[in-house]
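Undergrad: For reference, the chains in residue letters:
There are 2 protein chains.
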Amino acid sequence: MNYSNPLEWQKAYIREQGVDALVSTSPDNLAYTIGYVMPSLQLGVRKRRFAAVVTPDGPDVLLVVTPEFKQAQADSRIRDVREYNEFTESPTTLLADILRELGVTRGRVAVEMDHMPARDYLDLFRELPDTRFVDAEPIFDRLRMLKTEEERERLRRIGGIVHRAHIAAAAAARPGWTEMQYGNAIRDSVREQGGEGLNNLVVASGYRSTWSNSAPTQKALEEGEVIKVDVFAYDNGYQSDIARTVAVGEPTPFQRDIWARLVDIHSAMLEHVRPGASTRELWKLFVDEFAARDLTPTIRFAGHGLGLSLHEEPYISTYRDSRLEENMVLAIEPVTQVDGVGFHIEDEVIVTANGCELISDGRGEMLRIR
Amino acid sequence: MNYSNPLEWQKAYIREQGVDALVSTSPDNLAYTIGYVMPSLQLGVRKRRFAAVVTPDGPDVLLVVTPEFKQAQADSRIRDVREYNEFTESPTTLLADILRELGVTRGRVAVEMDHMPARDYLDLFRELPDTRFVDAEPIFDRLRMLKTEEERERLRRIGGIVHRAHIAAAAAARPGWTEMQYGNAIRDSVREQGGEGLNNLVVASGYRSTWSNSAPTQKALEEGEVIKVDVFAYDNGYQSDIARTVAVGEPTPFQRDIWARLVDIHSAMLEHVRPGASTRELWKLFVDEFAARDLTPTIRFAGHGLGLSLHEEPYISTYRDSRLEENMVLAIEPVTQVDGVGFHIEDEVIVTANGCELISDGRGEMLRIR
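Which chain is which? The protein sequence lines are A and B, in order.
Counting from 67, one number per residue, gives the positions in the first sequence under my numbering.
Counting from 67, one number per residue, gives the positions in the second sequence under my numbering.
Please keep in mind that the hints were generated in silico from the structure rather than gathered at the bench.
It cannot be assumed that every hint is accurate.
Copies of the same chain are indistinguishable here, so a pair counts whether it falls within one copy or spans any two.
[Stated by the list, open to error] Lysine to any residue pairs mimicking SDA-like chemistry, simulated, CA-CA at most 20 Å apart: (1) 136 - 431; (2) 77 - 101; (3) 350 - 154; (4) 113 - 421.
Keep in mind that this is a model prediction, so the values were computed, not measured.
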């Protein structure tokens with residue numbers, strides 16, 4: 067796998083798989099195919115339908131709602147863009163027409179069974195009774211695990227911005243700030259560095275540090291607490307997922323101790339990330355490293371793929387065994403809870419030929435605010 | 067319709083409709099039912115499934131993925147929360163179990179056919195062969211058109227914040243700023259006023275002012291241009307959709323003229339918003355008012371419902387005729403393009419017993435930056 071962008075890689079892969087057309091409909095797989103996030107989908111206007119149809123050798127077609135037509139013509143990697151009126155036309159009928167025009171309706175057409183709404187699928191199925199529909203999910207899982215050159219560069223850029231934003235926010239903050247103020251300091255730093263935006267972020271202090279994915283509130287940051295901070299920024303749809311635990315004031319001996327154990331577990335994991343490593347064995351290593359330090363992992367995976375989705379294949383867990391491969395991008399994240407306090411460290415890596423390249427590295431002293 | 071929150075209204079309405087259970091799975095309908103936006107869904111982790119099951123008289127159940135369990139217990143309006151392991155358990159099987167437990171599997175169960183993924187629907191259908199599945203879309207369209215007290219208050223609050231943010235950003239900006247800097251000024255003001263966040267915003271200047279829903283770029287704001295600015299902020303999932311056209315420097319006679327015509331069209335529309343008004347007649351009025359001023363509307367509706375979705379029923383368009391009712395919330399938005407320049411004004415109203423309450427009002431002088 068050595069393609070410069072996802073459309074080239076898609077075409078090569080479906081040719082190899084004997085798929086006659088690959089249809090993307092979900093926000094993330096569309097962005098993957100065309101190279102940018104469709105604004106309507108970023109805004110959650112989910113009733114607007116979009117479809118990108120990619121064929122192994124022939125032309126590719128993008129179908130969008132009229133208000134997105136101009137931007138699609140300017141920005142989409144697929145150059146043949148069609149539009150439909152969302153009030154008078156059926157996008158499913160138009161998609162069937164496009165598949166007919168491309169001559170693939172007697173072949174294998176992969177659609178996103180884990181995304182395409184039931185009604186659309188049933189309609190498409192009725193329109194094209196001779197077509198053999200197959201599930202696109204395993205195809206996209208495979209494609210998206212291995213990042214093309216363009217994707218690695220986008221992930222490096224946004225990950226670097228977020229790593230620095232954690233340091234900047236801890237330096238700027240003061241005890242007594244609210245969680246929201248802390249979140250704003252993160253956002254400001256991401257923006258000052260030219261980051262496109264944040265989907266959301268976790269700022270969970272004190273008793274809230276055991277909650278997962280919890281947005282900042284008006285709760286004040288009190289001396290002696292820790293804050294669990296996780297930042298979900300994006301650049302052209304590509305995500306960051308980098309977490310830090312920050313002490314409010316000087317860390318207590320208890321906090322230093324747990325942090326040091328978590329950093330050791332993190333290092334042990336990072337040393338073992340390389341092509342050929344088994345995700346199930348990495349999970350076992352993770353659990354063993356926790357147990358050796360008298361801790362328990364809070365979440366049921368040690369890490370996960372990262373790209374256009376915050377969580378994607380491969381997961382480092384007991385549930386499925388995959389082998390790591392060059393050009394995968396992973397977030398590795400030891401999380402634990404001790405005596406009602408949550409601790410989290412999470413960094414991103416690119417699997418290289420012999421090991422991994424760290425996009426970020428949060429080991430060393432615990433961040434603190436004074 | 068006079069309910070304090072959407073769960074009460076849901077239960078009353080499905081009782082009246084003879085539906086035995088209403089299942090929400092989409093991010094917006096889940097937020098509607100439980101009262102907050104599930105963090106995983108806000109982050110676009112679409113492979114995590116959630117379901118809220120509401121019955122007319124009996125208990126209601128919420129099914130969430132394990133990492134969301136604690137927050138759901140704390141924040142969900144539905145108090146009976148169940149969790150599942152996303153790697154080992156099938157949420158569809160668990161949803162079928164819940165429907166069995168509630169004793170509704172021989173009745174009418176409404177599911178979101180326009181959202182539930184094809185695979186989930188086919189699995190559920192196989193699990194419950196005796197169940198009569200009906201489409202929840204028209205039910206939710208009806209429910210969500212009429213805003214409960216809690217919803218009106220949330221929409222008033224975020225709309226007021228955004229109205230003031232437009233004024234603050236125009237006052238702070240200078241010619242030569244980039245579109246991104248302008249967008250940051252909007253974001254800063256929303257945050258300073260305690261707004262939860264922005265999904266995105268449109269800042270489209272010069273030739274870009276004819277694009278729709280286009281995020282700010284590094285393009286500089288040049289004297290003599292106009293900027294089309296539209297702000298999509300949110301509070302507990304409830305959206306804002308308020309647009310302004312801003313002159314860079316003193317507006318030219320051309321810009322003043324088009325703006326004045328657009329404001330007149332806007333006023334004519336606002337005068338006619340009241341219970342009983344026909345959306346198709348309002349659209350006709352809109353087109354006539356444009357034509358009387360020698361302009362053409364750019365988009366195919368004059369306005370739309372607003373709530374947990376940026377665009378929802380009722381649309382003010384030619385495509386469907388609805389009657390306005392008390393407690394609807396609408397965004398009214400004249401948009402036009404003249405000689406390659408786009409102009410937009412958009413304000414939000416709540417339909418009252420006799421007319422409408424303006425959440426925002428952008429009429430009067432065009433905003434300008436100097």
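Undergrad: Of the hints given before, which are not true for this structure?
TA: Those not satisfied are hints 1 and 4.
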